[in-house]
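Build the complex: two chains, separate frames, hints provided.
Chains L and H supply the protein sequences, listed in that same order. Quick note, our numbering runs 186 ahead of the 1-based positions in the first sequence. Quick note, our numbering runs 216 ahead of the 1-based positions in the second sequence.
No lab work stands behind these hints: they were computed from the structure. All C-beta atoms, glycine included, are put in the ideal place defined by N, C-alpha and C. Some hints could be false.
[What the hints assert, rightly or not] Just so you have them, the derived chain L footprint on chain H, three or more residues with Cβ under 8 Å:
| id | region |
| --- | --- |
| 1 | 308-315 |
| 2 | 409-415 |
| 3 | 457-471 |
| 4 | 583-590 |
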Amino acid sequence: MSTVDSELLSNAGAPRGSAKAEPRGHRIRIGDPIFRGLATGSGIFLAVAMVGLGVVLVVDSWPAISGLGTHVLTTVAWSPTTHEYGALAALAGTFLSTLVAMVIAVPLALVIALLLVELVHPKVSRVVGTIIEMLASIPSIVFGMVGLFVIVPFMQDHFVPWILGTPLGSLPGIKPGTQFAGGGVSVFTAGVVLAFMILPFITAVSRDVMKMVPQVTKEAGYGMGSTTWEVMRKISLRYANSGIVGAVFIGLGRALGETMAVAFLIGSVYTAIPHSIFDPGTSIASLIALNFSEATDKLTVSALIELGLILFVITILFQIAAQAWLRRVQRATGGRA
Amino acid sequence: MKQSKRGRLRVAGFAVAAFALAITAAACGGSNSSSSTVPGSVSSSPAASASPTLTPVPLQAGTNVGAGATFPAPIYLKWGSDYNAAKGVKLNYQAIGSGGGIAAIEAKLVNFGATDAPLQEADLTANNLAQFPMIVGGDVVVVHLNGVADGQLKLTPDVLASIFMGKTTMWNDPSIVSLNPGLTLPATKITVVHRSDSSGTTWIFTHYLTAAAPSVWTAGADKVVPWPVGIGGNGSAGVATSVQQLSGSIGYVEYAYAKQTGMTTTQLQNKAGNWVKPSIASFSAAAANANWKASLPSMYVVLVNQPGADSWPITGASFILVQKSQTDAAIAKQMFDWFNWNYTSGASAATALDYVPIPASVYSLIQKQVWPTVTASGSPVWP
Chain L
187 MSTVDSELLS NAGAPRGSAK AEPRGHRIRI GDPIFRGLAT GSGIFLAVAM VGLGVVLVVD
247 SWPAISGLGT HVLTTVAWSP TTHEYGALAA LAGTFLSTLV AMVIAVPLAL VIALLLVELV
307 HPKVSRVVGT IIEMLASIPS IVFGMVGLFV IVPFMQDHFV PWILGTPLGS LPGIKPGTQF
367 AGGGVSVFTA GVVLAFMILP FITAVSRDVM KMVPQVTKEA GYGMGSTTWE VMRKISLRYA
427 NSGIVGAVFI GLGRALGETM AVAFLIGSVY TAIPHSIFDP GTSIASLIAL NFSEATDKLT
487 VSALIELGLI LFVITILFQI AAQAWLRRVQ RATGGRA
Chain H
217 MKQSKRGRLR VAGFAVAAFA LAITAAACGG SNSSSSTVPG SVSSSPAASA SPTLTPVPLQ
277 AGTNVGAGAT FPAPIYLKWG SDYNAAKGVK LNYQAIGSGG GIAAIEAKLV NFGATDAPLQ
337 EADLTANNLA QFPMIVGGDV VVVHLNGVAD GQLKLTPDVL ASIFMGKTTM WNDPSIVSLN
397 PGLTLPATKI TVVHRSDSSG TTWIFTHYLT AAAPSVWTAG ADKVVPWPVG IGGNGSAGVA
457 TSVQQLSGSI GYVEYAYAKQ TGMTTTQLQN KAGNWVKPSI ASFSAAAANA NWKASLPSMY
517 VVLVNQPGAD SWPITGASFI LVQKSQTDAA IAKQMFDWFN WNYTSGASAA TALDYVPIPA
577 SVYSLIQKQV WPTVTASGSP VWP
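One chain only, chain H, in its complex shape (with noise of 0.2 Å):
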């Protein structure tokens, strides 16, 4: 092409201005949670820069920042719209999962993490962090059998697991009828529905498999295990909706999902041996039973499987997780107000929720042995 070189020049300059202002604008973009009003150094580590999906919010007077599990998402929003009504602070909460609030609050994005699964006392001390459960929920075993009602089928921890390891496949299968003798269970295999997401639900699910029938369940305990059967569902609504469309399946939920929805759930066999039905007073049971003190400092508590008679016996907490050490002593002496409003005030919130708020006994533990260790300048920011 026959261009004179002044056009050619031009061509090249152009070509070059516009390339440069590309690279310029990517450098500028990439480091995205660059804002300085974010306290606190932001780790570069990869499990820090591997949490994408949370929105780094600039922590700030008048509202508490947390991130993490989506089981107690319902009822920690509700205490800070509750809590906002109240006293005006604020919460800003993203449901991004167990996984995200503990990299979050790892790299100090967020004023607290929240998660299903505890951390072990190593992990919190690599990390300087405080743990404390701030609400006890439970999961359920649903099912969808013709015939069969809510709370009407009964099943040990062996037959569960062997459910859901795949040994037994049929919903007449010998061991299951033994322990129903007054229902007619079809001859259809059963479906098994996990969740396909990872997930606290599975985390504390897999604990109580493993937990109660551990010559049975040998597929783990963990957010995502390896299910030897079973379909997928995208989250407690996708399992719910499987079990409810597949006759003949079987699943776990939480029990507020359940219960708002009017599934059929099952009865279980506690660690005393007793059937029991789901409910708040079986979930209460089972956190008051647990031994709380001897597991400070980390209060690293699996409360399935609990000892008691009516204990409910896939119980599970949730946690808070907070910087033991905080920059400033304001926001975290706003965010501990919080907490201490919904252990005092929160119960009734929780109750209509279907959640189990934390006894006073625990609460009480958790502020003489654990708050204290958090501090702003060296002295506790509570009281």
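Here chain L stands alone, though its shape is the one from the complex (with noise of 0.2 Å):
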């Protein structure tokens, strides 16, 4: 106790600044510097890894990129024997089963979310919470098999056939394209169970950023004669907002580069675009896990390494633009993260 009172006393008139520099007294308080030492070194370290990722994956597909140009981009035949890499159909299914998979998945997340905050008991709500937290920690290739002997029947059997009876059935996107195979192996499907692997990030972060707005702001909302509708859509949400679009974000890079689940759903079509999402197409992360264990041939090791740099180009860009945008959101809304 002594010790403790002639510290204080002997720093009492120190000046504020140096008093966090100098050790106090006769002990030497180092666990801030090394922390901080650390805290920045695995910073830096992290932005030398990503970078490094990204030169490795520059430097192993040169040959190709030098090789091949823009056919990556814009040819669509997949023939490694014949040195013909088109890949564009891969990325049409990308983007495509993406697609499908955040329009099921954001207002499936957000509804979820708001019921879990607003609508139900608390208990109610952290058992729920719970549940669509263990669906994030089923692996991929499970969603996959599940995927496929239960998700594909299904579709072939009774949605698909059901879908296209109705007069949506003969929309541009959703007419069957030339390699329509019954519907089951799909891009829908596969953004389907692509759907129910990014429900739960997304859920989870809406969650726990709505649960963040102020009690008091609701509550002057509610004083006002609004309702739960009108105090949800207006404060929680727009509170919420940045958070949520950080959510959408992770979810979407999540669904962009999922690999498994997407193998075994999407059909595995290299040579077309598909015209419909009940047509069966590929991804460009399925095309690559599929073929790079038997690509012996160097171009073509060079040429699947090139989309894998596509892929994290493309992932590095909606990641930017999602920064973009929630610096606009924040702006908006007057600095308020």
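Below is the structure:
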């Protein structure tokens, strides 16, 4: 106790700025600088790792980039034997399956998050929230297998014939194209299972962000006579906007890169762009995964790595877009994150 | 932020230390195949570094290390465990695909490589490899048609190729109906199911289509081909599942797979013009009738469309690749002891798993003509 008193007294008159850096009395508080150094080092290491990853991808795919030019992005024929590496079908399939997944998952996740935060008893909210988080821990290949054995027959035998029978079935984008194979394995099925996989992430983050809306603000809304829906829409969602956008982009990143589940469900048609969401297709990640182990030709390996680089760049571009959007939203709502 | 000079130096120091540690860790972990127990040089060519799925296992006495095709993996593993029970030498076989096996043996990361797609003589000479067939199997065509039982549907090579090219699109097409007068074929669309991953099964099947129906099948013959129509299944299991789920579908899988899952197979017309059903007997007929002698020294034989009254047309052998100059005579002898055991005592295990053992006549050819070329310090490792 006497040590503590003497420390406090000895520093009583010292200026505030120097108190942090100088050791107090006889004790050297080394924790702070160590932590700061380690944190800075980790941050630098992470940045270096990201840049390094990009550099490795570019270097290893250089033979393909220099030899094939833009053919990878603009042609559809994937035939390693004849050195044709057109991955346009894979690009289209990646975008389409991700689009389907986002269209299904984002509204559903927001509704579930709102439900959990605003409408149900906290105990129910906790239980349901835990169940949804458990969904996130299921390995993706299990989703792929369950999708193949349960969802594919359902789509093929019931859902797709039904929807093609309705007026919706003749809209462009839904009307079956030339590669239509029953609708079981298709871009849509892959998108549905992807939606299941990204739902937990978006729900969990949205729910946490919405819980942070100050109770006072919501009560002010109710006090002025707003309905529950009006409070949810105009206060909760608007307050949690940037957090939700962040969550959506996390889900988007996961959907873009998901490999094995999509490989099982999307039909692996490399030679034609899907004309309908019920057509089979392929995605960049599943194309790479299914072809890498048997690719002996250097140019093929390099082309596959180039596809990986393309996916890497696409994901980074989406993240940059997310950051730009978030900044715009922050500025619009007066700096409140 | 007001910090004293000493504070800033401290932060900078720790940051540099952490960074240096990270870089060192990355540099040390980078060369993961540099374990000193791997004999021979680890080639740094892109081909070798592009077999990322193989974990290098130190070559040692007591274990035969191999990698490659998934098609023969069940029988190799069975032989390995039976041999271990008999002689105490283990097998470490990584089924990473034919391409991976070829890359691994070229980089001397394993004792032997296994491939469904044999290498040509030029490739063997360039990499100083010896090649010989180890086991024979067959691919079958499977269909899902209500009212058609196993072994009932008949297809000629031209009709089969036309289906897989997408030219014949309906089951009640006249060309199919004329071959099957006793069956009622529905007016449904044919859905083709092929492999989505690069595979030796595709290699064998497309070689068959190219050999037997060259005017109709124009998509080439390789482990991956640009299929004009059809959806892809992930592995034989994926193709089988897709065919079982989709009514009106047709696909190709390994015989063992079709037999064990009770799928509906078809009859095919072989080169002699006879209708044959897939069976161990018809595969053996194809293997025996092949001209192995003329294929020496590479033993590159594609067993599809072989002559013979009973030959099954889509038969394929799986090959073993070894380095011709072995660095360790004892380890090489250990490996060849296992090979010999497989040929002489492994026949019952092979037929139990629906494979066809290499005929004894072919084995004696291998022993006399191919194995003497494998040497350690100048003298053959076998016998």
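Please name the hints from earlier in the document that this structure breaks, with their numbers sorted from lowest to highest. 4
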